[in-house]
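Student: Start from chain A and add chain B according to the hints.
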Amino acid sequence: MSRTAKILSSLFILFWVLTAFAPSLIAPADPLAINPSQAFQAPSSAHIFGTDESGRDVFTRVIHGAGDSLYIGLAATALGMGLALVLGTAAALAPRWLDEVILRVLEALYSVPSLLMALLIIAFTGPGVGPAIVAVGLSTAPGYARLVRSQIRTLKNSEMLEAATVLGRGTWLKVRNHLVPNALQPLLALVTLGIGQAVIWAAALSFLGLGTPPPAPEWGAMLSAGRTYLHLAWWLSFFPGLAIVVVAAGSTLIGRALGGKVKAV
Amino acid sequence: MNPLLAVENLSVSFAGQQAVDAVSFQLAAGECLALVGESGSGKSVTARSLMGLSGGTVSATKLMVCHEDALALSEPAWQKIRGNSVVMILQDALMALDPLRPVGREIEDVLKEHSSLNKSQRTAKVREILAAVELPEPERRMKQRSTQLSGGMRQRVLIAQALIGDPQIVIADEATTALDSRLAALVLEQLAALKNEGRAVLMISHDLAQVAQLADRIAVMRAGQIVETGPTEQILNHPQHEYTRTLLRAIPSGVPRFAPLSAGTPVNEPRQLAPASTDSAPALVVENLSKSFAKHPAVVEAGFVLPRGATLGLVGESGSGKTTTARLVLGLERPDTGSVTLLGDRFAPHSEAARRGLRENIGAIYQNPLGSFDPRYSVGQILTDALSAGRSKRATGYKDQVGRLLEQVELDPVLSTRNPRELSGGQRQRLAIARALAPEPKVLVLDEPVSALDVSIQATVLDLLDRLQQETGTSYLFISHDLSVIEHMSDFVAVMHRGRIVEQGPTAQVFGDPQHEYTRILMTAMPRLR
Chain A
1 MSRTAKILSS LFILFWVLTA FAPSLIAPAD PLAINPSQAF QAPSSAHIFG TDESGRDVFT
61 RVIHGAGDSL YIGLAATALG MGLALVLGTA AALAPRWLDE VILRVLEALY SVPSLLMALL
121 IIAFTGPGVG PAIVAVGLST APGYARLVRS QIRTLKNSEM LEAATVLGRG TWLKVRNHLV
181 PNALQPLLAL VTLGIGQAVI WAAALSFLGL GTPPPAPEWG AMLSAGRTYL HLAWWLSFFP
241 GLAIVVVAAG STLIGRALGG KVKAV
Chain B
1 MNPLLAVENL SVSFAGQQAV DAVSFQLAAG ECLALVGESG SGKSVTARSL MGLSGGTVSA
61 TKLMVCHEDA LALSEPAWQK IRGNSVVMIL QDALMALDPL RPVGREIEDV LKEHSSLNKS
121 QRTAKVREIL AAVELPEPER RMKQRSTQLS GGMRQRVLIA QALIGDPQIV IADEATTALD
181 SRLAALVLEQ LAALKNEGRA VLMISHDLAQ VAQLADRIAV MRAGQIVETG PTEQILNHPQ
241 HEYTRTLLRA IPSGVPRFAP LSAGTPVNEP RQLAPASTDS APALVVENLS KSFAKHPAVV
301 EAGFVLPRGA TLGLVGESGS GKTTTARLVL GLERPDTGSV TLLGDRFAPH SEAARRGLRE
361 NIGAIYQNPL GSFDPRYSVG QILTDALSAG RSKRATGYKD QVGRLLEQVE LDPVLSTRNP
421 RELSGGQRQR LAIARALAPE PKVLVLDEPV SALDVSIQAT VLDLLDRLQQ ETGTSYLFIS
481 HDLSVIEHMS DFVAVMHRGR IVEQGPTAQV FGDPQHEYTR ILMTAMPRLR
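Just so you know, the sequences run in chain order A and B. The numbers in full-length UniProt numbering rise by one with no breaks, and the one at position 119 of the first sequence is 119. The numbers in full-length UniProt numbering rise by one with no breaks, and the one at position 179 of the second sequence is 179.
In isolation and in its complexed conformation, chain A is listed as follows:
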């Protein structure tokens, strides 16, 4: 990554961390405070993103919604990657028969479209933030797991580890010094890419009414609520949608830049 790209991505991450943990710093108003007399105000200097059907400030809600949206995205990715690390590492290091079993299970899971699987899980658990995290996390895990497995397998048979063996390194040193860091580095890029994807999915579930329940300011839910008034108040859907696009595109760009760096290695 170039210096400017580094600074820009750091600022990007800093901004969203700030909005997620301290939204009131940026938008001090109450995201739930209704004011019917102010309903459907177009974007202006008083309400830069306009107001919704209950007169709530859309800007405030978008900023306060970042917490939930990013929380679901991050938590789901962490869950998916955590599961993937366990399964993938186990498959890569296990005896052949166990590897085959894990692989078949992963393939079966992989063959079900992720969103469909998420819907299936929610059908059992009922809607909510927790179920949305579990649903998105579980449905991304198989893809990650296969990558982790191939990554570790390649490294396990690499000349690098063989050279370490010849130099007399024990298993612990080989795992700590070479296997783990080299396996994790490309995954870091993948995780960054995955967060954007998970944010979109979380929004999609909320959009369908299966994630964060209203009136909480979640981007997908806001998008869905604004849909009814699309013909007279475009800003209700536009700005939450923009936030999703910015986060997803931003994390994808950062992920790609990291991925490029890894590939160069």
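Calculated from the structure, these hints are not laboratory results. Values in this document were obtained by computation on a predicted structure and should not be read as measured data. Heads up, the beta-carbon is just placed ideally off N, CA and C, and yes, glycines get one too. A portion of the hints provided could be inaccurate.
[As the list claims (entries may be wrong)] Not everything, but these chain A residues come out facing chain B in the computed CB check (under 10 Å): (1) Gly168; (2) Leu173; (3) Gln185.
[Unchecked claim] Away from chain B, derived, C-beta distances all over 10 Å, residues of chain A: (4) Trp16; (5) Ile122; (6) Ser158.
Tutor: Relative to chain A, chain B alone:
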């Protein structure tokens, strides 16, 4: 007579980068010219621009190919000439042939393109040409795919493919480089036959010894320019340019042990084998070693002894079991039978935990060192890791030792912050040697350590290995397919063929008076200058 190839002031550049700079030469029918130089010298680009395939910006005051002005040729006109009047034999036969089509059809394609023969005439012609290049059972082989043929057969098919259009000019681009000496001899023989038939042969190679047998004239290229050109006899015996002398000196065959191959190396005193104290065990004893993979025997009952401070050269063709032997000796594969004893201690078969304590006594150098380094480590970190036995790559207090190691392998200490990717092939191999030396091993296993290097770089690395052996008394198990390297480096030689060691003994004896039939075949195929 009019030359078939006339090149004057040929320049080729890629995006402003000059690859070939004002090169001039001529080639007549029945003549062989060799373009010799190292990788990046522009010899391949020169050859490719003679077929309109350079891919760069070509300019020349004159570029005549088969009496046609090549500078003015359109792409359709080039296609008429390529594969017909001018052909190219490439290095890698497996890559050059379509794995999904019978080789007969591959050859026939040329006729489809360039002749008006009907199907049965074409088939007859293909059979004829395959017989002419002495492919056994041409009738059966022409229906097989390239993957079903051996390396030697593939090489013959490739030559047949080149010849079927009855070309006037044959360009052989490193056509013998990746081949072991027997196959290389075969290709050279075929090229000689072409020359005698009155065709013009342009050889491209980095190996002076190999082209010397065939070429009438040699042009030495460096950095895009021809630095010296002349009859083969004159280039070999009275080289004018310093660079030509460097290349000639770098050829290891016939150079006595420990005599330097590169100019920078001071002349070593010819050395006797270090007088081993009578009670100390040999560096390495290998007994009755066998290993099969899926019932396919890779190594069969191999046995040899490596005395302390000496070099044992293990030589053989690709697939003869050399590398498996190295891996067995290093304890990376478990032998089916037999044992490896290192300095009197049992090394294999043994559990990894039990032999870990012995590992500091044995090190390894590979053909491709880059793959053996952790890609995240800098040069300094790699050496610190090796010196600290893996405790840390950033450990302080090893700086002096890292500097000493770099100095020992003649690498500039400023390189220690670089990543090995940024080093040249020769520098990487020096780094690999430095890392292997860090634990001060008594034995080094070197598996094709210089095979990926240009001749002059190879010379400096071989000189370095010589010097280190004299300074440290380390024993080398030196594995190579290159007989001339083995002859120069080894005190003892073991010849491997199909997993077995068919002959072994002192180097002078094995090379001077080979007993086994296979060894004799290898020796006669070896190109010699001295």
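Student: May I ask you to check that Ile122 of chain A keeps its beta-carbon over 10 Å from the closest beta-carbon of chain B?
Tutor: Its Cβ never comes within 10 Å of chain B, the nearest being 41 Å, so this holds.
Student: Report holds if the minimum CB distance from Trp16 of chain A to chain B is greater than 10 Å, and violated otherwise.
Tutor: holds, 29 Å
Student: Answer holds if the nearest beta-carbon of chain B is closer than 10 Å to that of Leu173 of chain A; otherwise answer violated.
Tutor: holds, 4 Å
Student: Measuring from the C-beta of Gly168 of chain A to each C-beta in chain B, is the shortest one below 10 Å?
Tutor: Hint holds; Gly168 of chain A Cβ to chain B Cβ min 3 Å, cut 10 Å.
Student: Close enough to count: is the Cβ of Gln185 of chain A nearer than 10 Å to one in chain B?
Tutor: holds, 7 Å
Student: Taking C-beta pairs only, is Ser158 of chain A more than 10 Å away from all of chain B?
Tutor: violated, 7 Å
Hint check: a violation occurs at hint 6 only; the rest are consistent with the structure.
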